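Asker: Now for the letters of each chain:
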Amino acid sequence: MRDHNELKKIANSMRKNIVQMIHDSKSGHPGGSLSAVEILTALYFDEMNVDPQNPKKEDRDRFVLSKGHAAPVLYAALAEKGYFSKEELFKLRKTGAMLQGHPDMKGTPGVEMSTGSLGQGFSAACGMAMASKMDNAPWRVYALLGDGEVQEGLIWEAAMSAAHYKLDNLVAFLDYNGLQIDGKNEDVMNINPIVDKFKAFGWNVIEIDGHDFDQIFAALDSAKETVGQPTMVIAKTVKGKGVSFMENEAGWHGTAPSDEDLANALKELGGEM
Amino acid sequence: MKKIATREAYGNALVKLGKENENVVVLDADLSKSTKTAGFKKEFPNRFFNMGIAEQNLIGAAAGLSTAGKIPFASTFAMFAAGRAFEIIRNSVCYPKLNVKICATHAGITVGEDGASHQSVEDVAAMRSIPNMTVIVPADGVEAEKVIFKVAEYNGPVYVRLGRSAVPTIFDESYEFEIGKGIEIKEGNDATVIACGIMVNEAIKAYEILKEEGISLRVINMPTIKPIDTDIIVKAAKETGAIITAEEHNVIGGLGSAVSEVLAENYPVPVKRVGVKDTFGESGTPNELLEKYGLTADEIVKAVKEVINKK
Chain R
1 MRDHNELKKI ANSMRKNIVQ MIHDSKSGHP GGSLSAVEIL TALYFDEMNV DPQNPKKEDR
61 DRFVLSKGHA APVLYAALAE KGYFSKEELF KLRKTGAMLQ GHPDMKGTPG VEMSTGSLGQ
121 GFSAACGMAM ASKMDNAPWR VYALLGDGEV QEGLIWEAAM SAAHYKLDNL VAFLDYNGLQ
181 IDGKNEDVMN INPIVDKFKA FGWNVIEIDG HDFDQIFAAL DSAKETVGQP TMVIAKTVKG
241 KGVSFMENEA GWHGTAPSDE DLANALKELG GEM
Chain U
1 MKKIATREAY GNALVKLGKE NENVVVLDAD LSKSTKTAGF KKEFPNRFFN MGIAEQNLIG
61 AAAGLSTAGK IPFASTFAMF AAGRAFEIIR NSVCYPKLNV KICATHAGIT VGEDGASHQS
121 VEDVAAMRSI PNMTVIVPAD GVEAEKVIFK VAEYNGPVYV RLGRSAVPTI FDESYEFEIG
181 KGIEIKEGND ATVIACGIMV NEAIKAYEIL KEEGISLRVI NMPTIKPIDT DIIVKAAKET
241 GAIITAEEHN VIGGLGSAVS EVLAENYPVP VKRVGVKDTF GESGTPNELL EKYGLTADEI
301 VKAVKEVINK K
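Chain order of the listed sequences is R and U.
Under full-length UniProt numbering, think of the first position of the first sequence as 1, with each following residue one higher.
Under full-length UniProt numbering, think of the first position of the second sequence as 1, with each following residue one higher.
Incorrect hints may have been included.
[Claimed, not checked] Distance condition first, Cα-Cα at most 30 angstroms in a straight line; then the derived DSSO-like pairs of lysine-lysine: (1) U:LYS33 <-> R:LYS267; (2) U:LYS311 <-> R:LYS133; (3) U:LYS97 <-> R:LYS81; (4) R:LYS91 <-> U:LYS97; (5) U:LYS97 <-> R:LYS133; (6) U:LYS226 <-> R:LYS57; (7) R:LYS57 <-> U:LYS19; (8) U:LYS181 <-> R:LYS106; (9) U:LYS235 <-> R:LYS133; (10) U:LYS33 <-> R:LYS56; (11) R:LYS166 <-> U:LYS19; (12) R:LYS166 <-> U:LYS226; (13) U:LYS235 <-> R:LYS94; (14) U:LYS33 <-> R:LYS106; (15) R:LYS133 <-> U:LYS19; (16) U:LYS19 <-> R:LYS56; (17) U:LYS150 <-> R:LYS166; (18) R:LYS133 <-> U:LYS150; (19) R:LYS86 <-> U:LYS97; (20) R:LYS56 <-> U:LYS181.
[Unchecked claim] In silico negatives: residues of chain R with every beta carbon more than 10 angstroms from chain U: (21) ASP3; (22) LYS8; (23) LYS9; (24) MET48; (25) ARG62; (26) ASP104; (27) GLN120; (28) ASP135; (29) ASP168; (30) ASP196; (31) GLN229; (32) LEU266.
Calculated directly from the structure, the hints in this document are not laboratory data.
Quantities reported herein were computed from a predicted structural model and do not represent experimental measurements.
For every residue, glycine included, the Cβ atom is placed at its ideal position computed from N, Cα and C.
Put together the whole structure using the sequences plus the hints.
Answerer: If you want it as structure tokens, here you go:
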């Protein structure tokens with residue numbers, strides 16, 4: 001695709017759906033969903049070989065949302081792509097609904113791994129990439145990590161193993177919005193120097209603006225050319241991106257918008273849906 | 001009598017299984033010589049992954065491999081599999097019901113000299129509490145090998161508990177293992193002992209001792225702790241009126257609890273649980289520890305007499 005206007009339209013539609021579904025469910029995580037919109041748009045609408053009509057096709061690329069609490073951005077992308085009806089989005093987190101608070105691979109078409117407990121999706125993504133590599137299969141694995149998530153020890157176990165097994169078919173994005181539940185990463189538990197850390201663990205590390213499609217695609221292209229190393233894309237993002245009053249506010253990590261917030265957010269994002 | 005550790009039988013079974021099924025992959029956490037996965041590694045180096053001393057990632061990577069159609073067998077000591085990696089097993093394996101086999105060795109106090117830090121007496125309780133998990137404790141080498149072949153056929157998460165020490169072989173090759181089925185190995189009418197793992201052999205010894213005294217003890221081998229064989233337990237309660245459980249595990253949460261739950265809800269009779277009495281172990285030789293912590297035929301005999309008196 002790489003028609004940036006088209007991608008921007010999709011991203012905007014996903015943002016509206018994210019705010020609406022979290023409002024409707026009265027709970028969920030808007031901040032870290034909105035910060036990852038461009039990354040998921042680029043993956044699902046350009047980069048990945050996936051088919052919503054055949055979600056389990058063998059040679060499909062896999063995406064793992066390791067920061068599982070950002071489920072709304074994944075659901076918005078999957079609905080936009082056609083894995084299921086957009087009606088499902090607005091039943092998010094409701095009893096008996098398909099869309100769980102955190103991704104459930106058994107119940108939701110297009111979800112490749114059940115995640116939510118931080119660190120675990122990244123580890124499973126490494127296992128998937130190992131499987132593809134041992135079969136010399138063409139499919140690649142993509143993962144999205146939170147910045148706070150890298151405080152989990154399992155992230156570093158997995159990072160070490162991905163480099164050890166030379167998983168150059170694995171690309172991880174670190175959604176570096178700088179905030180976690182209790183505040184700034186640097187105040188809660190400093191993760192820096194994060195670039196040096198992943199480099200020291202043997203990764204090909206690329207730093208980008210995570211809202212700039214050109215930079216996202218350049219990183220994805222560079223990852224494909226990298227042999228013998230997994231790629232970590234440190235994507236600088238804005239938590240709550242696109243909704244002015246949510247931007248850079250840790251308070252919007254896990255808070256649902258009120259009716260008024262929703263109206264204001266949708267107005268900013270280009271009107272009612 | 002031929003003696004072989006269940007971990008040894010596991011290692012042998014893996015090599016045979018690897019020849020039959022190319023989807024079988026094995027992961028270990030720097031203990032392949034101890035867990036006996038080293039044989040598979042030698043035979044199928046491309047299907048063996050050493051994950052280093054990182055048990056959480058051992059399980060997480062196994063989960064990922066299983067999503068692509070592989071049948072991962074992940075091994076480390078029971079303490080680190082069921083203990084350290086508990087939540088990864090819960091959320092990344094059992095919740096999505098992935099086809100991962102966790103084969104944990106060096107379970108129980110017969111780890112011996114390494115002491116309490118390595119003596120897992122809680123693993124069955126922890127694994128049994130997770131929805132979708134199947135928990136199996138083989139009694140000898142023959143059963144262990146048959147278990148490995150059966151769990152490879154079964155699609156879903158399984159925890160197999162294996163031991164360090166060589167144990168007497170109870171079964172011959174004609175023995176048939178089925179997931180979820182207990183098996184009566186000695187007939188009896190006065191009481192029933194339900195045992196798993198190394199305690200099955202002690203239960204057989206108890207049967208012989210009591211026979212001399214004119215007490216008729218039924219012996220049931222219960223390799224599958226979950227799903228537990230309700231029918232064979234209730235039948236034994238009805239026909240013998242008293243139940244003893246025997247396991248190399250804390251009396252809280254393991255076989256003793258599983259059997260008691262079935263009896264309490266279906267057919268209450270006097271019960272006595274033989275096992276580790278909610279305490280940590282210590283360093284020592286396996287046999288001395290079994291004696292000290294009451295995991296012996298004599299202890300079963302005492303328990304049998306106690307429950308019979310309560311009938």
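Asker: Would you mind marking each hint as holding or not holding in the structure?
Answerer: Against the structure, the hints come out as follows:
{"no.": "1", "hint": "U:LYS33 <-> R:LYS267", "in the structure": "violated, 64 angstroms"}
{"no.": "2", "hint": "U:LYS311 <-> R:LYS133", "in the structure": "violated, 62 angstroms"}
{"no.": "3", "hint": "U:LYS97 <-> R:LYS81", "in the structure": "holds, 26 angstroms"}
{"no.": "4", "hint": "R:LYS91 <-> U:LYS97", "in the structure": "holds, 24 angstroms"}
{"no.": "5", "hint": "U:LYS97 <-> R:LYS133", "in the structure": "holds, 24 angstroms"}
{"no.": "6", "hint": "U:LYS226 <-> R:LYS57", "in the structure": "violated, 34 angstroms"}
{"no.": "7", "hint": "R:LYS57 <-> U:LYS19", "in the structure": "holds, 27 angstroms"}
{"no.": "8", "hint": "U:LYS181 <-> R:LYS106", "in the structure": "holds, 28 angstroms"}
{"no.": "9", "hint": "U:LYS235 <-> R:LYS133", "in the structure": "violated, 52 angstroms"}
{"no.": "10", "hint": "U:LYS33 <-> R:LYS56", "in the structure": "violated, 37 angstroms"}
{"no.": "11", "hint": "R:LYS166 <-> U:LYS19", "in the structure": "holds, 26 angstroms"}
{"no.": "12", "hint": "R:LYS166 <-> U:LYS226", "in the structure": "violated, 39 angstroms"}
{"no.": "13", "hint": "U:LYS235 <-> R:LYS94", "in the structure": "violated, 44 angstroms"}
{"no.": "14", "hint": "U:LYS33 <-> R:LYS106", "in the structure": "violated, 36 angstroms"}
{"no.": "15", "hint": "R:LYS133 <-> U:LYS19", "in the structure": "holds, 21 angstroms"}
{"no.": "16", "hint": "U:LYS19 <-> R:LYS56", "in the structure": "holds, 28 angstroms"}
{"no.": "17", "hint": "U:LYS150 <-> R:LYS166", "in the structure": "violated, 34 angstroms"}
{"no.": "18", "hint": "R:LYS133 <-> U:LYS150", "in the structure": "holds, 28 angstroms"}
{"no.": "19", "hint": "R:LYS86 <-> U:LYS97", "in the structure": "holds, 27 angstroms"}
{"no.": "20", "hint": "R:LYS56 <-> U:LYS181", "in the structure": "violated, 34 angstroms"}
{"no.": "21", "hint": "ASP3", "in the structure": "holds, 32 angstroms"}
{"no.": "22", "hint": "LYS8", "in the structure": "holds, 32 angstroms"}
{"no.": "23", "hint": "LYS9", "in the structure": "holds, 32 angstroms"}
{"no.": "24", "hint": "MET48", "in the structure": "holds, 16 angstroms"}
{"no.": "25", "hint": "ARG62", "in the structure": "violated, 8 angstroms"}
{"no.": "26", "hint": "ASP104", "in the structure": "violated, 7 angstroms"}
{"no.": "27", "hint": "GLN120", "in the structure": "violated, 5 angstroms"}
{"no.": "28", "hint": "ASP135", "in the structure": "violated, 8 angstroms"}
{"no.": "29", "hint": "ASP168", "in the structure": "holds, 16 angstroms"}
{"no.": "30", "hint": "ASP196", "in the structure": "holds, 21 angstroms"}
{"no.": "31", "hint": "GLN229", "in the structure": "holds, 18 angstroms"}
{"no.": "32", "hint": "LEU266", "in the structure": "holds, 34 angstroms"}
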